[in-house]
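Enquirer: The primary structure of each chain is shown beneath.
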Amino acid sequence: GEDVEQSLFLSVREGDSSVINCTYTDSSSTYLYWYKQEPGAGLQLLTYIFSNMDMKQDQRLTVLLNKKDKHLSLRIADTQTGDSAIYFCAESYGNTGKLIFGQGTTLQVKP
Amino acid sequence: EAQVTQNPRYLITVTGKKLTVTCSQNMNHEYMSWYRQDPGLGLRQIYYSMNVEVTDKGDVPEGYKVSRKEKRNFPLILESPSPNQTSLYFCATRTGDSYEQYFGPGTRLTVT
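These protein sequence lines map, in sequence, to chains D and G. Mapping of the first sequence onto my numbering: residues 1 to 111, in sequence order. Mapping of the second sequence onto my numbering: residues 1 to 112, in sequence order.
Everything labelled a hint here was simulated from the structure, so no lab data went into it. Remember, predicted model here, so these are calculated numbers, not experimental data. Quick reminder that beta carbons are idealized off the backbone N, C-alpha and C, glycines included. Incorrect hints may have been included.
As the list claims (entries may be wrong) - Some chain D residues near chain G, calculated using beta-carbon distances under 7 Å:
| no. | residue |
| --- | --- |
| 1 | Tyr31 |
| 2 | Pro39 |
| 3 | Leu43 |
| 4 | Leu45 |
| 5 | Tyr48 |
| 6 | Tyr93 |
| 7 | Gly94 |
| 8 | Gly97 |
| 9 | Lys98 |
| 10 | Gly102 |
| 11 | Gln103 |
With the rest of the complex left out, here is chain D:
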């Protein structure tokens, strides 16, 4: 069945780049997403990429998609303490709009 995998934890120093990785199994996914969840808050859509794209850049965020390896990554340039949060990778599944989420990667940014 469909599955999305992420590493659980990443720690970086303020000002460094962060790279969060994700692998997925459903090759028919139309969109792949990155959501951010701050402590005690809901889910905020950070960015998304359409499955026929390789890369998308949005200010400090760069999404890379390798369809052959079913690998998605999110790079955050110049990481700030305000970027500390849980980041979820998700893929769209079928035509029901269901999102399949990874386990979430906790990003810790040290000053």
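Following the hints, put chain G in place on chain D, whose structure we already have.
Expert: Relative to the frame of chain D, chain G by itself:
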């Protein structure tokens, strides 16, 4: 302002006492769904609705019911809650042809 609201935001209850978590949206979206979030498991879909009076099971529907009598509301019903339903619940909505889902603020439920 586009909004998805959930009530209550926090709830502590006892095993077997029926409860309802409400979800309401003001964006006229056709599609609504419920997810639960558990540590180490990410979010998993419980139920979804493609439109009024159209609902279907997601990946973890056991112990839950939903209804969609009007477009704006999609309540989640736990007829007989059990401790394994202690979780953080999110409602989400989107239009029929949109890539973006809007999530509510979440409801933290504890069943003792």
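Enquirer: If a hint holds in the structure, say so; if it doesn't, say that too.
Expert: Comparing the hints with the structure gives:
Checking tyrosine 31/D against chain G: minimum C-beta separation of about 5 Å stays under 7 Å; hint holds. Annotation: proline 39/D was flagged as interfacial toward chain G, and the flag is violated, the nearest CB pair being 12 Å apart, outside 7 Å. Below 7 Å, beta-carbon pairs count as interface contacts, and leucine 43/D has one with chain G at about 4 Å; its hint therefore holds. For leucine 45/D, the interface hint holds, since its Cβ comes within 7 Å of a Cβ in chain G; the closest pair sits about 6 Å apart.
Look at tyrosine 48/D: its Cβ gets to within about 6 Å of chain G, closer than 7 Å, so that hint holds up. The restraint placing tyrosine 93/D at the interface with chain G is violated, with a minimum CB-CB distance near 9 Å, outside the 7 Å limit. Given hint, glycine 94/D at the interface with chain G, is violated; its Cβ is 11 Å from that chain's nearest Cβ, farther than 7 Å. Satisfaction of the interface hint for glycine 97/D is found here, the shortest Cβ-Cβ separation to chain G being roughly 5 Å, below the 7 Å cut-off.
For lysine 98/D, the interface hint holds, the least distance from its beta-carbon to any beta-carbon of chain G being 5 Å, beneath 7 Å. This hint holds: glycine 102/D has a C-beta 5 Å from the nearest C-beta of chain G, less than the 7 Å allowed. Interface hint at glutamine 103/D: satisfied, since its Cβ lies 5 Å from the closest Cβ of chain G, which is below the 7 Å cut-off.
Comparing the model with each numbered hint stated earlier shows that hints 2, 6, 7 do not hold.
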